[in-house]
Amino acid sequence: MAKELLKGNEAFAEAAIRAGVEAFFGYPITPSTEFLEHMARRMPKLGRAFVQAESEVAAINMVYGAACTGKRVMTASSSPGVSLMMEGISYIAGTEVPAVIVNVMRGGPGLGNIAPSQGDYYQMIKGGGHGDYFPIVLAPATVQEAVDYISLAFDLAEKYLSIVHVVVDGNMGQMMEPAELPPMREISDEIPEWAVRGAKDRDPNILTSIYIDPEDEEITNLRLLRRWKEVEKNEVRFQEYQMDNPEILVIGFGTAGRVASSAVRDARAEGIPVGLLRPITLAPFPEGRLEELCDQVQRILVVEMNSGMMLDDVQKIVKGKVPVEFYGRLGGVTPLPDEILDEIRRVSKNEGEISGDPRDEWMDRLEKMRTGDQ
Amino acid sequence: MEETSIIISGFGGQGTLFAGQVLAYAAMDNGYEVTWIPSYGPEMRGGTAHCTVIISETLIGSPLVRYPDIVLALNLPSVDKYEPLMPENGVLIANSSLVNREFERQEIRTLLLPANQIAEDIGMSRLANMVMTGSMVKMEPILTMEMIKAALEEHIPERHRETLSMNYKALERGYAFAEKELG
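Protein chains in written order, with our numbering: chain A, 1 to 374; chain V, 1001 to 1183.
Treat the hints as calculated values from the structure; they're not laboratory data. Relax, there's no trap hidden among the hints.
With a straight-line Cα cutoff of 30 Å, these simulated DSS-like cross-link-like pairs (lysine-lysine) come out:
hint : chain 1 : residue 1 : chain 2 : residue 2
1    : A       : 45        : A       : 3
2    : A       : 7         : V       : 1149
3    : V       : 1138      : A       : 7
What you are looking at is a predicted structure, and each value in this text was computed from that prediction instead of being measured.
Take these sequences, add in the hints, and give me the full structure.
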């Protein structure tokens, strides 16, 4: 199929349709609204379900109910909307039914703003809802990658009876970029054995997240953990760029990762031996690969559009073997390539140890830069 | 051209976002990598609206830049904002119908173009965006006039299709003005 120039949100929604999503429930919120609008236009025409619910709380509970029928279901929202959904997300996780949730992240906390951000990292990666569960988190960085990974998200959700979060930021939702959409997938008639669709001629299935007896809940928690271990083993995905003997390793995901790739290209042109690791699965994190790279590089620079949330995960894996530095922009500000290039140059000359939290020095640098900016 | 960044900036309603889309379509249709990203903040309502278009022969990393290679500034705030950010040899085209000052930078390539006036002469004031685009093709031919016209024909919204020939005319008048001014 030929490439089309598509707005991110619309491309993501169409990708979900092509992947066979049969029900969408949501509530509009910038910068993800075009996702819902595309669903509103397309789903009824295809004889599939679209509901603009009265709130995000209602929408996620509709997703919960519909997921129990074994159909492909999803919602899409943006940071404050996803916060509202957290209770329902935990119930879905506890019931072990598949669901895909797209979060087009924006600046926060609170009402924040509608500008692009990666400030929901902790909420998305560490669970967000209550209780012991492990969402799969995919973080594509281009419209094409998001189209491909939304399709994968449904497959993973079904394979592991899991929540799959697809996280992008406002830049990705709003930008246009050529992408090739997959062909329309045939909707399967197969009903998963666990689904509740009427129990004629068989024993009823029971889907619930209530386990009154803690022993039963513990068994469920263990099952979720075992399943997560399988995810960790099988589903790690990442991309590397300019990894010809790098001395400096830049790590960034989503928009921050792709902006960093421009800076890495320019730094290489200046002769700085730098490469980029861009995790696509934030959960499971490409832990094994990062451990390997620790033996090859002299310094690591983590770049994010938040206050250093992935930084914590990186440091946990690096275990102090290599100095880790940080550069982030906050509150809905997207870093530009020249900022990251300056950071790479700085890191390439900095041979000292990093004492304490790398955020401390970064905050000083950012504040200095900001006063110079104004 | 390895990679060229273009910012089209003006007031909301001046067609800056659409002009950027036309460039993006033309680039895609001719085999280039391209990104188009709008300003989508609340500033759009009646304030400024701009988009960044990156056209490249290779995969595009950042869809945003600080120092754009080309700027089409349809109003004064856009000239004020981007003139100091232009790289050496950058192209800055300003809509002199709404910009009542000369450029300060000497070492960049500039053009003052009465885009509103030219568009009104054609009979459609909203075509200032296409006049600006036409002059850009003359000053920095990363895409040809034929490519842009073909993209317009292919992607102009149906409700505006009857204005296609006027769009062409606006592109040509912008091109001709730049040719006359710059030789």
